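Using the hints, position chain B against chain A.
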Amino acid sequence: MEIIKTVGLTKNFKRFKKQAGMLGSIKGLIRREYEEKQAVGNLDLTIREGEFVGLIGPNGAGKTTLVKMLTGIIAPTCGSVSVLGYYPNNLEHEFKQQYSVVMGQKSQLFFELTVEDTLRLFKEIYGLPEEEYQSSKDYFVKLFQVQDLMNVQVRTLSLGERMKMELIAALLHNPKIIFLDEPTIGLDAVASKQIRGFLAEINERRGTTIILTSHYMEDIKALCKRSIVINHGCKIYDGDTEKLFERFQKFKKITFTFSEPTLLPNLEFEARILEQTPYKKVIMVPKENAAGLLRELMNLLPADITVEEEEIGTIVERIYREGGDGLA
Amino acid sequence: MDLRKYLEILKIFIKTQLAWRGDSVIQILFSLTKILFASLLWGTIFAGREEVAGFTLSSMMSYYIISSFLTQLDMSSKVSMEISQRIRNGTFSKYMVIPVNIQGYFVAMEMGMVLFHLIIYFITSVIWVFLFRIRFVFAPDPAILAGMGILILLGLFFMVQINYYLGLLTLKYEEIGLFLMIKDNLVAFVTGSIIPLTLLPERFLWIMKAFPFYYVTYLPSMLFIGRLKGELGMGLLVLSCWCVVLQAVIYVTWQNYRIKYDGVGI
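The listed protein sequences correspond, in order, to chains A and B. Going by my numbering, the first residue of the first sequence is number 1, and it counts up by one from there. Going by my numbering, the first residue of the second sequence is number 329, and it counts up by one from there.
So that you can see chain B by itself, here it is in the shape it has in the complex:
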C-alpha cells in the first residue's frame, strides 16, 4: 500500500478544515459553553458533598473534560453520512473510479479531521482548565498514558470502521437513518460521555465490557485520571478483536453489496 497517497488525502482534509475560519471559532466557543454547563451541573450535584460514587469534583471535572475531548475528537459520523448521501444521490462513484482503497480514503479523511480538531480542542481544554481553575487530575504513569494513547487510536479506528460499515449498508437498505440513530444513542450512552459508567449497575458494566464502546471513550478517560489501570490489557485485547472482526464484516459486506450499487442520481 502506497502510504503517500493516504498522507496526501489526510493533508487535503486538514486544508479543507482550515478553509472555514468562522466554523473553527464557533467550535471553540461551543466547547467552552459545554464545560460551563458541566461545571454548573456537577457543582450542584457535589454541593455539600466531598465525593459521589468515589469521584471528587476535581476528578469528575477532569473525567468530563477528557471524555468530552475524546468524544468531540471522533469525527467518524461524517464517514457514514458522506457514504450514505453519495450512494443515495449517485455520486459515490467519485471514490470508485480512482485507484485508492475506499476505506483507506475514509480513514485518512478521519485522521486529517482529527488532527485539525486535536489542536483546536487541546487549546480549548487548556483554556477550560485555567479559566475554571480545575485541579486537573491525571495518571502520572507514562506506561499507562502510552497504553491509553494506543487505546484511543484503536477506538478512533473502530469508530471509522463502524461508520464505514453502516454507510455501506445504504447499498442494500437505501435508508440507514435508523441504524445511525441507534448507533449514536448507543455510543453516547455506552461510551460514558454523558455520565461515568461506574454510576451504573455492576451487571450492566460487566456486559458492556464485552462490547467495544466501553473502551472507546470511557476506559481511556478513566485511565487518564488514574483509575481502572488493571483493565488496560483487556481493553486493548477486546478492542483489537472487535476491529479484526469488523474488518472481516466490512470486507464481506463490500464484496456482496458493491454489485448492488446502481449509481442512479444526479
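So here's chain A without its partners, still in its complex pose:
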C-alpha cells in the first residue's frame, strides 16, 4: 500500500542577497535584493508501507527539505504531496499522531529533566493508555539497553545515549512512519552500529516504514533496500541500493601503515597513490583490484590496514555524470 506519494513536488526558497562590505550593507538597507533558490524540484516519489528507504545526497541536495515537506514542517511551493492520505502542511493532529521525526541535531528531550519525565509527557501528548505506554517503554528500554539511564538528567547523557533516547521518544507511540534525518551524525562506530541494529529490528518486527537520510554509506548499505539519490533538489537515482553501489561505487581507498620505513613496489594494477610516507601509504584502487592489491602488499607485512568506501558526494557526482539506472 502506498503511504507516501508526491507528484511534481517543488520547494523554492527566497533569500536575501547582499554585497560584501560596509557599502554592500548600506546598499542592502536601501534596496533589498532577493534571489530564489530551488531546494527541491519537480520530485515524483512513491513509498509503500513497510519500506526502509535511504535518501542520499551531498550537503544542500534537498534531502532535509524533502523530509520537512513530508512531515508538514514546511509548505511546498507547488506540486502535490500526500502522506498517509493527509496533506502534511495542514498539520492535523490525526496525521501527526501517526508519524515521528528524529533529526540528529534537533532534540525533543528536556535537558534539565530525566528521560522518564519526557516519555511521560509524550505518553499524554499521544494519548497512550498506561498499559500500552508501559509495555512499549519496556520493549524499547530493553532493546536499547538503557535501563540505567532512565532516571538521569538528559544533559548528562553522551551523544550516543541521547540519540537512543530520542529514538525511544519517537517510537513510543508506535508510529506508522518514522523519518530519520542523520540519526548517526557525530556518533562513534560502535554507537552507529547499535542504532542501525535497532532500526533494522523496528522495521522488521513492527513493520514501521522508515525514511532515512544519511551521509554515511554504512547506514544506507546496512539498512536500506531501496535508495533515492538526490542532487540539486532532483532525483537522480531511485532503485535497489545494492545495484547502486555495485554500479557507481567504483573505487576503494586502502590505507597501509607500517612499523618500519617501507618502500612501495611497482604495482601491477591500475591504482592512484594518494599519500606516501615511509610509514604510511594511501592508495585508491578500482574495487575489482582491491583484493589483488591487498594480497600483494601483505608481503610487506603492514602493521595495520584500513579499507574505506568512496564518499557519498563522489558517488553522487558519478551518477550525475553517467545518468542513473532505475530512475523512476
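Simulated from the structure, these hints should not be mistaken for lab results. Fair warning: this is a prediction, and the values are worked out from it, not measured in the lab. We put the CB at the ideal spot given by N, CA and C, even for glycine. Certain hints may be false.
List of simulated lysine-lysine pairs, DSSO-like, C-alpha gap at most 27 Å [stated by the list, open to error]: (1) B:Lys511 x A:Lys106; (2) A:Lys280 x A:Lys243; (3) A:Lys5 x A:Lys27; (4) B:Lys406 x A:Lys106; (5) B:Lys406 x A:Lys37; (6) B:Lys422 x B:Lys557; (7) A:Lys176 x B:Lys422; (8) A:Lys280 x A:Lys225; (9) A:Lys27 x B:Lys588; (10) A:Lys287 x A:Lys193; (11) A:Lys37 x B:Lys422; (12) A:Lys5 x A:Lys287.
Part of the chain B face toward chain A, derived, beta carbon under 7 Å [claimed, not checked]: (13) Val428; (14) Arg461; (15) Asp590.
Far from chain A, by Cβ distances over 10 Å, these chain B residues were calculated [said to hold, decoys possible]: (16) Gly376; (17) Ile447; (18) Val457; (19) Ile462; (20) Ile472; (21) Asn513; (22) Val515; (23) Arg531; (24) Phe539; (25) Lys557; (26) Gly561; (27) Gly591.
This is chain B only, laid out in the frame that chain A set:
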C-alpha cells in the same frame, strides 16, 4: 481538547523550574532587594507627608508589593523569546510535529512557570510584609477579591496571547526585537508597575482604560487595596474583548504566516 496533555506540559515546566535551586534562591533575594529600594524611595517621598495623591505610605507599599508580585508572576515574555529564537534557528519544528495545539502548549508552559513562581513570590511577599513591618492594606470584600482573581487570570492569558502573537511575527519579519522592546516599555509603564497610574493626568488614564494593559496589573492591584471597585465590571468586559480579538488575530496570523516557515537553521 484533551486537557491531560496540557496538564502534563504544565507539570513538566514546574519540574523544569525545580531543577535549578540556585536560580530560585537568587530570585527570592532579588525580590527582597527590590522591596528594600522601594521602601527607601517611597519613605523619602512620604517624609513629612501623610498622603501623596490619596495614598498613605502603607497603601502605597501595599500597592507596590501586589503590583510587583503580579508583574513578576507574568513570565510570558519567555514565550515570545522562545518562539522567535526557535523560528530563527530552525527548531520551531519541535512544536509543529507533535499533536498538540502550539498556543495551548505555550499557555500550559506559562501556567507551569506561573504556579512555581506564585509559591516563591508569595513566600517572598509575606517575608517583605513582616520584615519591613508594612501595615498591609487590602479589600475585605470576597466578591471583589474573586473578581480580582478572574481579572488576574485573564490578564496573564492576555499577556501570553500578545507574546505568542509577537513571537509568530518572526515568521514574517525575522527580527522582532523592536516589537518586543516597544511592548516591554509599554507594559512597564501602562500596567502601573512603576508608578500608580492615578499620579498621571486624567486624560491619559481615560485613554488607557480602552486598552488592555490597564487591567493586567494596575486595576487588580488597586482592587486588592480596596480602590476602584466600580471599574471591576468594565475591566472584565474590556479585557475579555481584547482576548477574543487577539485570539482572532492570532488565528489569522498563524494561518497566513505558517507557510512562510522555512525551517532553515541548525
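Could you grab the alpha-carbon distance between Lys422 (chain B) and Lys557 (chain B) and see if it respects the 27 Å cut-off? Distance ~45 Å between Lys422 (chain B) and Lys557 (chain B) Cα, so the pair is violated.
Beyond 10 Å from every chain A Cβ: check whether that's true for Val457 (chain B). holds (32 Å)
Between Lys5 (chain A) and Lys27 (chain A), does the CA-CA distance stay at or below 27 Å? violated (44 Å)
Val428 (chain B) was flagged as interface toward chain A. Is the shortest Cβ-Cβ separation under 7 Å? Check passed: Cβ of Val428 (chain B) comes within 6 Å of chain A, closer than 7 Å.
Can the restraint linking Lys406 (chain B) and Lys106 (chain A) be considered satisfied, given a maximum Cα separation of 27 Å? holds (20 Å)
Can we confirm that no CB of chain A comes within 10 Å of the CB of Gly561 (chain B)? Non-interface label on Gly561 (chain B) holds, nearest chain A Cβ at 38 Å vs cutoff 10 Å.
Lys280 (chain A) and Lys243 (chain A) were given as a pair; does the straight-line alpha-carbon distance stay at or below 27 Å? With a Cα-Cα distance of about 33 Å, the restraint between Lys280 (chain A) and Lys243 (chain A) is violated, given a limit of 27 Å.
If we take the beta carbon of Ile462 (chain B), is the closest beta carbon in chain A still more than 10 Å away? holds (36 Å)
Would you mind confirming whether the straight-line C-alpha gap from Lys37 (chain A) to Lys422 (chain B) stays at or under 27 Å? holds (25 Å)
Ile447 (chain B) remote from chain A - nearest C-beta pair above 10 Å: The claim stands: Ile447 (chain B) keeps its Cβ more than 10 Å from every Cβ of chain A (closest is about 18 Å).
Going straight from one Cα to the other, do Lys287 (chain A) and Lys193 (chain A) come out at no more than 27 Å? holds (24 Å)
Chain A versus Asn513 (chain B) - minimum CB to CB distance exceeding 10 Å, so not interface: holds (25 Å)
Going down the numbered hints, you'll see the structure goes against 1, 2, 3, 5, 6, 8, 12, 14, 27, while the others check out.
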